[in-house]
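Asks: First to last, the sequence lines map onto chains E, U and L.
In terms of the numbering used here, the first sequence is numbered consecutively and its last residue is 513.
In terms of the numbering used here, the second sequence is numbered consecutively and its last residue is 444.
In terms of the numbering used here, the third sequence is numbered consecutively and its last residue is 1396.
It is worth saying that the hints were derived from the structure and are not from the lab.
Please note: incorrect hints may appear among the correct ones.
[Claimed, not checked] Which stretches of chain U does chain E cover? Using the computed rule of at least three CB atoms under 8 Å from a CB of chain E, they are:
| id | stretch |
| --- | --- |
| 1 | 57-65 |
| 2 | 93-100 |
| 3 | 268-281 |
[Unchecked claim] No more than 27 Å apart at the CA atoms, straight line, and that leaves these computed lysine-lysine pairs for DSSO-like:
| id | chain 1 | residue 1 | chain 2 | residue 2 |
| --- | --- | --- | --- | --- |
| 4 | L | Lys1251 | U | Lys194 |
| 5 | U | Lys135 | U | Lys65 |
| 6 | L | Lys1298 | L | Lys1251 |
| 7 | L | Lys1159 | L | Lys1133 |
| 8 | U | Lys150 | U | Lys334 |
| 9 | U | Lys150 | U | Lys135 |
| 10 | U | Lys197 | L | Lys1251 |
| 11 | E | Lys288 | U | Lys65 |
| 12 | L | Lys1159 | L | Lys1122 |
| 13 | U | Lys194 | U | Lys301 |
| 14 | U | Lys133 | E | Lys288 |
| 15 | U | Lys133 | U | Lys150 |
| 16 | U | Lys201 | U | Lys301 |
| 17 | U | Lys284 | U | Lys301 |
| 18 | U | Lys284 | U | Lys195 |
| 19 | L | Lys1364 | U | Lys239 |
| 20 | U | Lys61 | U | Lys301 |
| 21 | U | Lys350 | U | Lys65 |
| 22 | U | Lys284 | L | Lys1251 |
| 23 | U | Lys350 | U | Lys389 |
| 24 | E | Lys288 | U | Lys48 |
| 25 | U | Lys334 | U | Lys135 |
| 26 | L | Lys1122 | U | Lys201 |
| 27 | U | Lys135 | U | Lys350 |
| 28 | L | Lys1298 | U | Lys239 |
| 29 | U | Lys65 | U | Lys297 |
| 30 | L | Lys1364 | E | Lys361 |
| 31 | U | Lys48 | U | Lys65 |
| 32 | U | Lys284 | U | Lys201 |
| 33 | E | Lys361 | U | Lys334 |
| 34 | U | Lys150 | L | Lys1364 |
| 35 | U | Lys133 | U | Lys334 |
| 36 | U | Lys150 | U | Lys239 |
| 37 | U | Lys197 | U | Lys48 |
[Said to hold, decoys possible] Covered stretches of chain E, going by a simulated chain L footprint (3 or more residues, C-beta under 8 Å):
| id | stretch |
| --- | --- |
| 38 | 278-288 |
| 39 | 334-343 |
| 40 | 445-453 |
Positions of the beta carbon are idealized from the N, C-alpha and C atoms, including for glycine.
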Amino acid sequence: MFRLDKDNPTLRLIVRYMVLTLIALIFVTPILFMMMSSLKPDQQLLADTSSIRAFLPIGDISFDNYKAAFERAPIGMFMLNSLLVTGVTVVLGLLVCSMAGFSFVFLNWRGKSIAFSIILATLIVPFETIAIPMLLMVSKLPWLGLDGFSWGWLNSYRVQIIPFIADGLTIFLFAQYFKDLPKELIEASRIEGCSWWQVYWRVVMPLSGPIIATAAILKFLAMYNQYLWPIMVTQQEQYRPVLVGLQYFFQLNTAWGEVMAYLTIITVPVLAFYLALQRAFIASIASTGVKG
Amino acid sequence: MKITKNLALTLLSAGALGSAFVSTCAFAKTDLSLWYHGAGNKVEAKVINQIVNDFNRSQSDWNVVLESFPQGSYNDSVVAAALANNLPDILDVDGPVMPNWAWAGYLRPLLIDKNKIADFLPGVKGYWDGKLYSIGLWDSAVAMVTRRSTLNEVGARIPTIDSPWTEEEFNGVLKKLKATGKYDYPLDLGMAESGEWFPYAFSPFLQSFGGDLIDRSTYKTAEGTLNGPEAIAFGEWWQSLFVNGYAPGNSQDPADHETGLLEGKYAMQWYGNWAALKTLNKFGDDALFLPAPDFGHGPKIGAASWQFGVSAASKHPQGASDFIEFALQDKYLAAFSDSLGVIPPTQSAATLTTNYRQGGALSVFYVLSKAQALVRPVTPGYIVEAKVFEKALADIADGADVADTLDSAADEINADIEKNRGYSR
Amino acid sequence: MKKNSILTRHNTTGWLFASPGFGLMLLFIVIPFILAIAFSLTNQRLMSPNAAEFVGLENYTNMLDVGILVVDPEIDASGNILVDKNGDNKYPRLRKFTRNNPDYPNVQGMKEWFSFSWGVQKIAIMASDLVFMKALVNTLTFVAFVAPIQGALALILALLINQPLRGIQIFRSIYFMPVVVSIVVVSLLWRFIYDGQNGLLNSVLNTLTFGHFKAVDWLGNQDTALGSIMAMSIWQAVGFHMIIWLSGLQTISPTLYEAAKIEGASPWQTFRYVTWPGLRNTAVLVVIVITMQAFSLFAQIDVMTSGGPLDSTQTIVYQAVERGYGKQDISGGSAMSVVLFLLVLSISLLQRYLTREKN
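Here chain E stands alone, though its shape is the one from the complex:
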């Protein structure tokens, strides 16, 4: 194909765009299906699934499903909970993990390689397999809050945040990135009298925009999509996140239009977050990949 087109740059360009567009269709149609379905009444939604109409905003179009969805569940509260839990975890996680990554790359200390091996090994522990032991543990952990000392972390934001602040993948990503930073810079800063904290905060972190964006997106996705854990630890509605809220929509007769509306509502913030960070993000992975 490429050889045939060699002589005709315009044709070649058209073919390229066609290929790109066809592939784009494959990626976008299911998401389009979700958004369009959210505008249709149940019966039409289900009838449309067998034809091209599934992707088109035609027929009986309205925002009724959204209205019904907001009446069925406190969606605003679920969103706020998710965004709060996710936001705090991402910010604290970036701090803690970048510090650890910094320490593993630039500092030399006893037990470092064992600690790093342990962190790598945690990458292969699926969360589902440690959920129960973790539940037993957090239900007995102490806490000192504004209202005094208490035992047990259930039904709180902290139980959804603190266990997930540090994770192996983020530490690993930061470490990989830091390895590629010029060592001379660090040395020079030390010679000029910077403390290690200053080196980390004033020299290394300002150079790490791209990796921060990458880690932020990955952590955001992982946190925002939490399901099993919140089911186990949030018995009070006021702490529930969006994916637990999804369960509100599966009743004896599932209203699929409302489900689609809810799915759209909870997907849009993530898309927005990604689009906002994407420039930095793509540049960032560009630099992480270097070392591999």
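Got chain E; can you put chains U and L on it based on the hints?
Replies: Chains U and L in isolation, oriented as in the chain E frame:
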């Protein structure tokens, strides 16, 4: 809870200040937490809120605080809370799950006068180990839903409670309906629903064949009852439904399950009273709710729906029981029935309802419930039995070897019983 | 971690920097996992009034035990071998041997995993936990297909997206879009796509073939269920790995490409001798990440098939959750987790060993 308690303490210590405070003590009620599985269901929420408000207003000791959970993850939430010692005072529990929670020590027997519930349908009374642990505000029943005209067309006899279809007759009806070529499938079993629907709706078939999930005389073994000749006969029949194209299998489209009967894709549907109003509205007098076929050991349908119990962790079992007893009033039972379409558990409540009073459109379900209902095995091992049974039926429907599958199922149930030291206390 | 000139020892500072992250991971991942290992050596139940007891490796042997059963064909009175209607030798049902038969103590309670003929005899490989064995095979199959296919597709996409075309960022964002949608949401959507009666995929294929395509029940058919889940998983995650490859591509110096052009290299030769060698480190990263993700396959199964039809989509993590949580056998579920951990650990050590040797 903490706040009200502190308030009460403050007031007690301040008692010396004078009797002027005594009257304010009236609002120093003790909180009782209540968990319910109805989150996301507005109609259900309305009734339960009504009961809670009425109860709180009716007395001065307790203040019930409701927390709703989505049904799909309710059991997971409760189990997690139980592990974390975080159970509420009052919680609702699916009937067959109750013995497991009671055995594990998470429920305590109700402090309710047995005479109060003497005339309740047997399916709603949660007895285990000789004690009443839970009580339901309604029951549910399953019927063979179809249309008179559909059956007349193929010349099928319309069965009655006293004279239900036999296995042969039932298979004959399916065959004739299939032969008309008018339907995608003659029978919708509801395979699109997973989970508890399988043991609830289908284990009565097994029982009518003479088998069971477990030997109910001891609750110690499934060998012979789940894989004996009767059970294998049931399994072969079950598989034939799918091999012959009588019923859609595991991958049934959920939308078809919801609307298939109404749209004429299916001729009959094995389904519950909660969906019956839809059918009535569509077909009117033509609609039929028929009793289960008799496969040799009497016609059977499942019983026991959601019920209320008191957690062992509750510091106020009397208050918790009081609330449940309060909820057992006929008007609430009728309200649940009217809004959810469920079966009221007493005759007196039934007379208050639109659909279940004498001659009401759905009164046949009350009769079915009374005549054919059999509770699922009352044992802590039921949780595992139900899961194993569900998988076995799904596998057999997919074409697995019947005897081998039931053997595996019986083995798994027995291994579980052994691991739990016989589920004895 | 290479030694570095500026790195004299900084024990205190090093620990101070690492300890918040490392401490949290010890507390919330390592300790729970050690607890899980401890559970797997007992008969701990999720909820039970009985105290747990140490049972050694019983959970592991119950799960991993396999046996061999050699079966003679059935013969009639005169010693001739009976044959079934397909003309194959007829063998007695294995339940005769595995159930309450003291003559065959090594296969009691076991199920037939697979079998083959050996002369007139049938050799059956028996497993005591057949569902786990199937889950193990399915998980390995899933990884074996998804890791290379997803990696390769991601690379192709990255090459496509690495062209200097106007508006290429738009395509890049679109290809990445599924990554940001929750896998639970994706699985729900794809149930509509894979529906056997009026699913989108069937109707698309039907249109493309002008009605010659016979509708397939993608998730309800043993032969297509796991493949369908693989395809969806790849669809969801390929954009992420595309970006990783893209980053690798962008680090390759343009002068190398120019040199190749001057030498008159074909596109394939350019890829083979310039691009690919420059991507080796990226490849290692991609393969490791995909492998680890693939091994923890759970949500798709939970939403779409619950392990069916006929166990064709059972996976280890799904079984571990079903066993530990659904069936309240937390010790059995934990044992599965530990086996999975050891499996992935040995594979990644192997991967590291192999890649190290090449460098």
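Asks: Would you mind marking each hint as holding or not holding in the structure?
Replies: A quick look at each hint next to the structure:
Counting residues of the stretch 57-65 of chain U whose CB lies closer than 8 Å to any CB of chain E gives 4, which reaches the minimum of 3, so the coverage claim holds. Interface restraint, the stretch 93-100 of chain U with chain E: holds (4 residues with C-beta to C-beta distance below 8 Å; minimum three). Residues of the stretch 268-281 of chain U lying with their CB closer than 8 Å to a CB of chain E number 4, which satisfies the three-residue condition for coverage. Of the pairs offered as hints, the one joining lysine 1251(L) and lysine 194(U) holds, with about 26 Å between alpha carbons and a cut-off of 27 Å not exceeded.
A threshold of 27 Å between alpha carbons decides the hint, and for lysine 135(U) with lysine 65(U) the separation of about 25 Å falls inside it, so the pair holds. Taking the CA atoms of lysine 1298(L) and lysine 1251(L), the gap is about 48 Å. The hint is violated against a cut of 27 Å. With a C-alpha separation of about 15 Å, the suggested pairing of lysine 1159(L) with lysine 1133(L) holds against the 27 Å cut-off. In summary, the hint linking lysine 150(U) to lysine 334(U) is supported, as the alpha carbons are separated by about 20 Å, within the 27 Å threshold.
Our distance criterion of 27 Å between C-alpha atoms is met by lysine 150(U) and lysine 135(U), whose separation comes to about 15 Å. Straight-line distance between C-alpha atoms of lysine 197(U) and lysine 1251(L) comes to about 22 Å, which keeps the hinted pair within the 27 Å bound. Using a Cα cut-off of 27 Å, the hinted pair lysine 288(E) and lysine 65(U) holds, with the two alpha carbons roughly 19 Å apart. Note on lysine 1159(L) and lysine 1122(L): the hinted pairing holds, with a Cα-Cα distance of about 18 Å set against a maximum of 27 Å.
Among the hinted pairs, lysine 194(U) with lysine 301(U) is consistent with the structure: their alpha-carbon atoms are about 25 Å apart, no more than 27 Å. In summary, the hint linking lysine 133(U) to lysine 288(E) is not supported, as the alpha carbons are separated by about 46 Å, beyond the 27 Å threshold. For a cut-off of 27 Å, the pair hint linking lysine 133(U) to lysine 150(U) stands: about 10 Å separates their Cα positions. The straight-line distance between the Cα atoms of lysine 201(U) and lysine 301(U) is roughly 19 Å, inside the 27 Å bound, and the hint therefore holds.
Between lysine 284(U) and lysine 301(U) the CA atoms are separated by roughly 14 Å; this keeps the pair inside 27 Å, and the hint holds. The straight-line distance between the Cα atoms of lysine 284(U) and lysine 195(U) is roughly 15 Å, inside the 27 Å bound, and the hint therefore holds. Of the pairs offered as hints, the one joining lysine 1364(L) and lysine 239(U) holds, with about 17 Å between alpha carbons and a cut-off of 27 Å not exceeded. The suggested pairing of lysine 61(U) with lysine 301(U) holds, with an alpha-carbon distance near 24 Å, which does not exceed 27 Å.
With a CA separation close to 14 Å, the supplied pair lysine 350(U) and lysine 65(U) stays within the 27 Å bound. Between lysine 284(U) and lysine 1251(L), the direct Cα distance comes to roughly 20 Å. Compliance with the 27 Å bound is thereby established for this hinted pair. Only pairs whose Cα atoms come within 27 Å are accepted, and lysine 350(U) paired with lysine 389(U) is accepted, the gap being roughly 21 Å. Between lysine 288(E) and lysine 48(U) the alpha-carbon distance is near 38 Å, which puts this suggested pair outside the 27 Å criterion.
Proposed proximity of lysine 334(U) and lysine 135(U) is supported: the alpha carbons are some 24 Å apart, at most 27 Å. At most 27 Å may separate the alpha-carbon atoms for a hinted pair to count; lysine 1122(L) and lysine 201(U) exceed this at roughly 35 Å. At most 27 Å may separate the alpha-carbon atoms for a hinted pair to count; lysine 135(U) and lysine 350(U) meet this at roughly 15 Å. Between lysine 1298(L) and lysine 239(U) the CA atoms are separated by roughly 78 Å; this puts the pair beyond 27 Å, and the hint is violated.
Between lysine 65(U) and lysine 297(U) the CA atoms are separated by roughly 21 Å; this keeps the pair inside 27 Å, and the hint holds. For the given pair, lysine 1364(L) sits about 24 Å from lysine 361(E) by alpha-carbon distance, which is consistent with the 27 Å threshold. For the hint linking lysine 48(U) to lysine 65(U), the alpha-carbon distance of about 23 Å falls within 27 Å, and the restraint holds. Distance hint between lysine 284(U) and lysine 201(U) is fulfilled; the C-alpha atoms sit about 8 Å from each other, no more than 27 Å.
For the hint pairing lysine 361(E) with lysine 334(U), the CA-to-CA distance comes to about 20 Å; that is within 27 Å, so the pair holds. Between the alpha carbons of lysine 150(U) and lysine 1364(L) the distance comes to roughly 25 Å, so the proposed pair stays at or under 27 Å and holds. Of the supplied pair hints, the one linking lysine 133(U) and lysine 334(U) holds, its CA atoms being roughly 22 Å apart against a limit of 27 Å. Between lysine 150(U) and lysine 239(U) the alpha-carbon distance is near 20 Å, which keeps this suggested pair within the 27 Å criterion.
Proposed proximity of lysine 197(U) and lysine 48(U) is contradicted: the alpha carbons are some 63 Å apart, above 27 Å. Look at the stretch 278-288 of chain E against chain L: 0 of its residues bring a Cβ nearer than 8 Å to a Cβ of that chain, fewer than three, so the hint is violated. Here's how the stretch 334-343 of chain E fares: 7 of its residues keep a CB closer than 8 Å to some CB of chain L, so the rule of at least three is met and the hint holds. Chain L is given as covering the stretch 445-453 of chain E, and this holds because 3 residues of the stretch bring a CB closer than 8 Å to a CB of that chain, at least three being needed.
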